[in-house]
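Chemist: Read off the chains here:
Protein chains: 2
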Amino acid sequence: MNMNDIKQFKVVLLGAGNLATSLGLALVKSGFSVEQVYSRTLEAAQTLANVLNASAVSCLDELSNSADVYLLALKDDALPGVIQQVCRLNPHAVYVHTAGSVPMSVFNNLAVNHGVLYPLQTFSKQKPLDFDSIPCLIEGANAFSQDVLWRIANALSKNVHLASSEDRRVMHLGAVFGCNFVNLCYTLANETLKSRGLDFELLLPLIDETAAKVHRMGPLEAQTGPAVRKDKKVMQGQMQLIDDADRRRLYELMSEMIHKLANK
Amino acid sequence: MNMNDIKQFKVVLLGAGNLATSLGLALVKSGFSVEQVYSRTLEAAQTLANVLNASAVSCLDELSNSADVYLLALKDDALPGVIQQVCRLNPHAVYVHTAGSVPMSVFNNLAVNHGVLYPLQTFSKQKPLDFDSIPCLIEGANAFSQDVLWRIANALSKNVHLASSEDRRVMHLGAVFGCNFVNLCYTLANETLKSRGLDFELLLPLIDETAAKVHRMGPLEAQTGPAVRKDKKVMQGQMQLIDDADRRRLYELMSEMIHKLANK
Chain A
1 MNMNDIKQFK VVLLGAGNLA TSLGLALVKS GFSVEQVYSR TLEAAQTLAN VLNASAVSCL
61 DELSNSADVY LLALKDDALP GVIQQVCRLN PHAVYVHTAG SVPMSVFNNL AVNHGVLYPL
121 QTFSKQKPLD FDSIPCLIEG ANAFSQDVLW RIANALSKNV HLASSEDRRV MHLGAVFGCN
181 FVNLCYTLAN ETLKSRGLDF ELLLPLIDET AAKVHRMGPL EAQTGPAVRK DKKVMQGQMQ
241 LIDDADRRRL YELMSEMIHK LANK
Chain B
1 MNMNDIKQFK VVLLGAGNLA TSLGLALVKS GFSVEQVYSR TLEAAQTLAN VLNASAVSCL
61 DELSNSADVY LLALKDDALP GVIQQVCRLN PHAVYVHTAG SVPMSVFNNL AVNHGVLYPL
121 QTFSKQKPLD FDSIPCLIEG ANAFSQDVLW RIANALSKNV HLASSEDRRV MHLGAVFGCN
181 FVNLCYTLAN ETLKSRGLDF ELLLPLIDET AAKVHRMGPL EAQTGPAVRK DKKVMQGQMQ
241 LIDDADRRRL YELMSEMIHK LANK
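Heads up: the protein sequence lines correspond to chains A and B, in order. Note that the first sequence covers residues 1 to 264 in full-length UniProt numbering. Note that the second sequence covers residues 1 to 264 in full-length UniProt numbering.
A couple of the hints might just be wrong.
To be verified - Pairs of lysine-lysine residues, derived as DSS-like cross-links and limited to a Cα-Cα distance of at most 27 Å, are as follows:
1) A:Lys233 <-> B:Lys29
2) B:Lys29 <-> B:Lys7
3) A:Lys264 <-> B:Lys264
4) A:Lys232 <-> A:Lys158
5) B:Lys75 <-> A:Lys127
6) B:Lys10 <-> A:Lys260
7) B:Lys232 <-> B:Lys29
8) A:Lys125 <-> A:Lys158
9) B:Lys260 <-> A:Lys194
10) A:Lys260 <-> B:Lys158
11) A:Lys233 <-> A:Lys264
12) B:Lys127 <-> A:Lys75
13) B:Lys127 <-> A:Lys264
14) B:Lys264 <-> B:Lys232
15) A:Lys232 <-> A:Lys264
16) B:Lys10 <-> B:Lys232
Unchecked claim - Short, incomplete list of chain B residues facing chain A, as computed with Cβ under 7 Å:
17) Thr47
18) Phe177
19) Leu202
For the record, the hints were derived by calculation from the structure and aren't laboratory data. In this text, a Cβ means the ideal position worked out from N, Cα and C, and glycines have one as well.
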């Protein structure tokens, strides 16, 4: 591997989902060449491979054994099995996964050079994201792996941080609260409005300002609404509007938590 | 009242909190003159009155009886009591409250001309918001009241909608899900990161993209993360990181709800 020009690294990308798509596009945009795209479904591999000017494979046996970097952007539960097979390909390569909650040790005894590149973002195929400002948490098993990861990540993003597997795991939990659970709240807002034929679009300025606010102040300080004011009458009135048992439990629990946190 | 130039309306603003501050500033910026600002605490009334070039009062007896519009931006539970006293002042004036969950009927038998102007946004005193794009839901008790409200709201915002008390109540519940509960999720993300000395700032690109996504697609379609994938291993691992009993209940409940909604 020519360490002076990392962009000459041959990259094999495993995965063709939301993250793999954004990552593949960012790699190519940054000057890397992606040799192969692997997915269990050839069609998915082919779709991404076409865009990246790579070849598509749907069988691990067909993977090149001459790549410098194997990037595994797969579902967490698929990782251990694929790693077992892929790490045999090239003992000199660097093997990298992209998962928040899978420790780096998943590569132990299977590859010398390995590490993790975890982009802290929510991805969708429909609109691949610019990697430029995405925080990338990296971890390398040895100095060489870490250097390679550091240089790849810095070619993709201006927001690169070293993070241990344990830090990354906590970060991933933070991301579930700050993204996945937030998005559930958006869904529940949408369902609430739909029940009376009201337009979700009316909520977008509020959704945007709620996110913008936590750039200016801590989220606890930014809290507004009936729960933080302990406005029981409003809360009881709102509970009466909710039919679904889960949603009622959620409303009560979140209101209680807001009140406790604000008065801690 | 000279109906041809609503900006010559004399306005009395009751309240000096987050909403009253943003609303008062928007009124003055749009050319209205605010005569008086009322708050139970004179200091709060004075602070806002100074900015609005109005006089400050802390006693309802001191309110002018010659205003054209009385705007009540008060806490929900303070409204009925204040309305009782204020509506006696001028039988020709329009009386308006700004609360999501208080029906317009709170004015019944107390004022002929009355209505509601509900700005669907989260306000903070630190940074008064531009009203321009804030959805304003209005409701008027009669044609005159509705016309006055329509014209005031349109002077403040380009996003004005007629909405009944029942629509507004549902909208308010949507806002609690889409803003207050979202903000609790931000707080829990922040607390999670703090527990390991990690910086909340790392989550801001993710928070922004999560909000941006629901401009492009429905929130259910935008859902990502371990719960929608039903990745039990990740979810169990994350539960182990959570000490607090409320947070564990919340994690389980929200994960279940995401999974159910995505597979409905």
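Chemist: With reference to the structure, classify each hint as holding or not holding.
Modeler: Now for the hints, and whether the structure bears them out:
Annotation: proposed proximity of Lys233 of chain A to Lys29 of chain B is violated, straight-line Cα distance about 34 Å (limit 27 Å). Restraint check: the Cα-Cα separation between Lys29 of chain B and Lys7 of chain B comes to about 11 Å, which is no more than 27 Å; the hinted pair holds. For the suggested pair Lys264 of chain A and Lys264 of chain B, the alpha carbons sit about 38 Å apart, so the restraint of at most 27 Å is broken. Between Lys232 of chain A and Lys158 of chain A the alpha-carbon distance is near 47 Å, which puts this suggested pair outside the 27 Å criterion.
Restraint check: the Cα-Cα separation between Lys75 of chain B and Lys127 of chain A comes to about 42 Å, which exceeds 27 Å; the hinted pair is violated. For a cut-off of 27 Å, the pair hint linking Lys10 of chain B to Lys260 of chain A is broken: about 42 Å separates their Cα positions. Only pairs whose Cα atoms come within 27 Å are accepted, and Lys232 of chain B paired with Lys29 of chain B is rejected, the gap being roughly 54 Å. For the hint linking Lys125 of chain A to Lys158 of chain A, the alpha-carbon distance of about 22 Å falls within 27 Å, and the restraint holds.
Between Lys260 of chain B and Lys194 of chain A, the direct Cα distance comes to roughly 18 Å. Compliance with the 27 Å bound is thereby established for this hinted pair. Restraint check for Lys260 of chain A and Lys158 of chain B: not satisfied, since their Cα atoms lie roughly 38 Å apart, outside the 27 Å limit. A threshold of 27 Å between alpha carbons decides the hint, and for Lys233 of chain A with Lys264 of chain A the separation of about 23 Å falls inside it, so the pair holds. Distance restraint check for Lys127 of chain B and Lys75 of chain A: the Cα-Cα separation of roughly 42 Å exceeds the 27 Å cut-off, and the hinted pair is therefore not satisfied.
Of the supplied pair hints, the one linking Lys127 of chain B and Lys264 of chain A holds, its CA atoms being roughly 25 Å apart against a limit of 27 Å. At most 27 Å may separate the alpha-carbon atoms for a hinted pair to count; Lys264 of chain B and Lys232 of chain B meet this at roughly 19 Å. A distance of roughly 19 Å separates the Cα atoms of Lys232 of chain A and Lys264 of chain A; the hinted pair therefore holds under the 27 Å criterion. Pair hint Lys10 of chain B plus Lys232 of chain B does not hold up; C-alpha atoms about 62 Å apart against a cutoff of 27 Å.
For the restraint placing Thr47 of chain B at the interface with chain A, the shortest Cβ-Cβ distance is roughly 19 Å, beyond the 7 Å limit, so the hint is violated. Because the closest C-beta pair between Phe177 of chain B and chain A is about 4 Å apart, less than 7 Å, the hint holds. With a cut of 7 Å, the hint placing Leu202 of chain B at the interface with chain A holds, because the nearest CB-to-CB distance is about 5 Å.
In summary, the structure is inconsistent with hints 1, 3, 4, 5, 6, 7, 10, 12, 16, 17 from the numbered list given earlier, while agreeing with the others.
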